[in-house]
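Peer 1: Take a look at the letters that make up each chain.
Protein chains: 2
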Amino acid sequence: MKILIPGMDGYIGWALTLHQLSLGNEVCGLDNFSRRKNVDEMNSHSALPILSIEKRIDYLEKKFPGKFSFYEGDLLDSHFIDDVVKRFSPDAVVHLAEQPSAPFSMIDQEHNIYTQQNNVIGTLNLLHSIQRHVPNTHLVKLGTMGEYGYDPGLEIAEGFFEIEFRGKKATIPYPKLAGSWYHWSKVHDSNNIMFACKLWGLRCTDIMQGIVYGTRTHEITNENEFTRYDFDEAFGTVINRFCAQAVTGYPLTVYGLGGQTRGFLALVDSIQCISILLENPPHDGEYRVVNQFDQQYGVRDLAEKVQKVGKTLGLDVTIQTKENPRKEMEKHFYQADHEKLKKLGFENTRSVEEEIKLILEDLLEHKERIESKKDIMFKGIKWNKK
Amino acid sequence: MKILIPGMDGYIGWALTLHQLSLGNEVCGLDNFSRRKNVDEMNSHSALPILSIEKRIDYLEKKFPGKFSFYEGDLLDSHFIDDVVKRFSPDAVVHLAEQPSAPFSMIDQEHNIYTQQNNVIGTLNLLHSIQRHVPNTHLVKLGTMGEYGYDPGLEIAEGFFEIEFRGKKATIPYPKLAGSWYHWSKVHDSNNIMFACKLWGLRCTDIMQGIVYGTRTHEITNENEFTRYDFDEAFGTVINRFCAQAVTGYPLTVYGLGGQTRGFLALVDSIQCISILLENPPHDGEYRVVNQFDQQYGVRDLAEKVQKVGKTLGLDVTIQTKENPRKEMEKHFYQADHEKLKKLGFENTRSVEEEIKLILEDLLEHKERIESKKDIMFKGIKWNKK
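Line by line, the protein sequences are chains A and B. Each residue of the first sequence is one higher than the last, beginning at 1191 in our numbering. Each residue of the second sequence is one higher than the last, beginning at 1191 in our numbering.
No lab work stands behind these hints, which were simulated from the structure alone. Some clues are possibly wrong.
[What the hints assert, rightly or not] Far from chain B by the CB rule (all over 12 Å, computed), these chain A residues:
id, residue
1, Leu1238
2, Gly1263
3, Leu1314
4, Ala1360
5, Tyr1364
6, Asn1382
7, Glu1423
8, His1473
9, Asp1506
10, Glu1551
11, Ser1562
[Claimed, not checked] One side of the interface only, derived from the structure: several residues of chain A facing chain B at Cβ under 8 Å:
id, residue
12, His1269
13, Phe1270
14, Gln1299
15, Asn1302
16, Ser1541
17, Ile1571
Note that the structure is predicted; figures quoted are calculated from it, not measured. Think of the CB as a built atom: it goes at the ideal place given N, C-alpha and C, for glycine as much as any other residue.
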């Protein structure tokens, strides 16, 4: 299979590229290195050292000769993406080239506009290129469980659900009630993609992904293969951030009551799920939505898990409650379907405790990289600042 | 009241400006003249002659001394809009500065990107400026009944509806299933505005407006006061297009079966409704959705109404079926709520037949302007062209 991966240089992009190449597939990677730049802007860096892009390209070209190519460029440049799609003619596109941080989008007007423009217009350019050159290709798009939000107080369906209203029944999209400008950009994308499937007969999988954590996949076996691991407030996801705090003796920062419940997924399982979806594409014209996570947890429970696993490694981990800078409910009903991937064969690789142990072990090897950035762990980017 | 009207130079913008000034309110108009440029691009012009912007400004400054101001600029220029909002400090903003044509957005990739970028980013910039400088102002935003789409086969609620799912009840946004890139840009706007109300406590009215038609409002009494009247395939709405075809002996072009049912509203009533909403703002933090139309009609029925009214004026009007260039159902269930405006006092000014008669009379005075552009009446912009 020929797979185009815009956003190849990111957390999931790099791990997915390694995995797909090791399966014998051909990968063409794209990136504009915005993740590296945006983490720089947060005054942070990856906790695990990663190769420069030049060295990554060298490494992959040597390890997988003839199977890997890379182009530097931006999805906002419609000619660039059109040219690559035409030349590479992919069987599948895994679109990971979005600004992926909710807090980053909430910093100020400029970061909001940057996020919505990058994500919405970039995805539109990609859709048009697919329609023009490879209308049968399978587009796999990373959305987020956060598109649904946490407000309705209903069980969360997997994309669509049947309802009755004034005596008539219909299957409609499950409502989207996102909680940040970033999450809304993903909703806009989902809507545009759903329409492209209907209009042009494209086939797309829209992944409502839970929060990803972890350092290891089967293909990450040495430092050259590390994928980035962010722990700053914008780009570090919650378990990853807790683990970075744990190894440096910084208290785990729980926002408010910590009852925020979300779906979670280890990196190795994110790669597994995306790969399962690539092997089981939807039919022409189908807009398929999957809820991609393993288990749901409350944030405070996770902090306690990290504390407990940390203790087995001799770490003295404390938990500190911080005033919640986000506008969100700190305790709420949450029950989300996630059956489609299980039916396609997904089983989790490790328990969350096993995964946390691996993370802590990996991070302890590079503790000084986190310690050098200790001051940026909690900055309190406010959701509703005036 | 001090009212800011981005998009003042357009079809509704000009008529609303005249009306609000004649009520004694203060109006600050903004425009980048994209409507004039985009109709030029369609090789068309307004059927009724309208003043240049310089003459419009002169006219209003003389007729309403000290009550009118105007700035040329673009909502994509965040500094421009921020500066105007800060200086004018409006009590209400009626945001009409969007690319308003579905067919225009469907021409090609460039027109899609232009539409979504202009509408989504322009609205975001406006929201940020309101939040920063006048968080208590009332934002009135023009959306469209087309955001709901015509697919679900349910009655259409007015913004939100209560549903039950697996034993739990919740009030959720009525699903949006738009049918063009333009309509989706309006959905993205609605979602962003709903979030801004929740996040910042803004108060906004999102108008799901039906299709507007007509030449006359109470304040349009001479040629200097004409608002633009478009009849090309992109910017001419269906009744207006039919009337222009009728006065020039061009057959009325009905797409396919003509069973497409939509809500309609005369221009004079659009102005009436917006003014009612301005006088009855929502409370702080409220995101209010109103369905703004008078009656719903099928497209073929409307063609027959224009034919019948035309006959009373001695016009020989024929109806021609054209292959539908749009991807839409040509016959479907349609029943949409529209109670909120009635409860606030809205009553229609004239019947659709009376309005059509006025339109035909006005257009007959300027028949030669339409005849000179007869060749652009039907170009068949395809919804799903490859």
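Peer 1: Each hint needs a verdict: does it hold in this structure or not?
Peer 2: Taking the hints in turn, this is what the structure says about them:
The beta carbon of Leu1238(A) sits about 34 Å from the closest Cβ of chain B, which is more than 12 Å, so the claim that it is off the interface holds. Gly1263(A), annotated as away from the interface, keeps every beta carbon of chain B farther than 12 Å; the closest lies near 17 Å. The beta carbon of Leu1314(A) sits about 6 Å from the closest Cβ of chain B, which is not more than 12 Å, so the claim that it is off the interface is violated. Separation of Ala1360(A) from chain B is inadequate, the least Cβ-Cβ distance of about 4 Å not exceeding the 12 Å criterion.
Listed as a non-interface residue, Tyr1364(A) fails to keep its Cβ farther than 12 Å from every Cβ of chain B; the least gap is roughly 9 Å. The non-interface label for Asn1382(A) is inconsistent with chain B: the shortest C-beta to C-beta separation is roughly 6 Å, within 12 Å. Taking the minimum C-beta to C-beta distance to chain B, about 18 Å, the non-interface status of Glu1423(A) holds against the 12 Å cut. Residue placement check: His1473(A) keeps its beta carbon more than 12 Å from all beta carbons of chain B (closest about 18 Å).
At roughly 38 Å from the closest C-beta of chain B, the C-beta of Asp1506(A) stays outside 12 Å, upholding its exclusion from the interface. Separation of Glu1551(A) from chain B is adequate, the least Cβ-Cβ distance of about 40 Å exceeding the 12 Å criterion. Listed as outside the interface, Ser1562(A) is consistent with that label: its C-beta sits roughly 34 Å from the nearest C-beta of chain B, beyond the 12 Å cut-off. With a least beta-carbon distance of about 11 Å to chain B, the hint placing His1269(A) at the interface is violated under the 8 Å criterion.
With its C-beta approaching chain B no nearer than about 14 Å, Phe1270(A) sits outside the 8 Å limit, and its interface hint is violated. With 8 Å as the threshold, the beta carbon of Gln1299(A) comes within range of chain B, its nearest partner Cβ sitting at about 4 Å, so the hint holds. Here the hint on Asn1302(A) is kept, as its CB sits about 6 Å from the closest CB of chain B, short of 8 Å. Taken as an interface hint, Ser1541(A) does not check out: its beta carbon lies about 28 Å from the nearest beta carbon of chain B, beyond 8 Å.
With a cut of 8 Å, the hint placing Ile1571(A) at the interface with chain B is violated, because the nearest CB-to-CB distance is about 13 Å.
In this structure, the earlier hints numbered 3, 4, 5, 6, 12, 13, 16 and 17 are contradicted, and the remaining ones agree with it.
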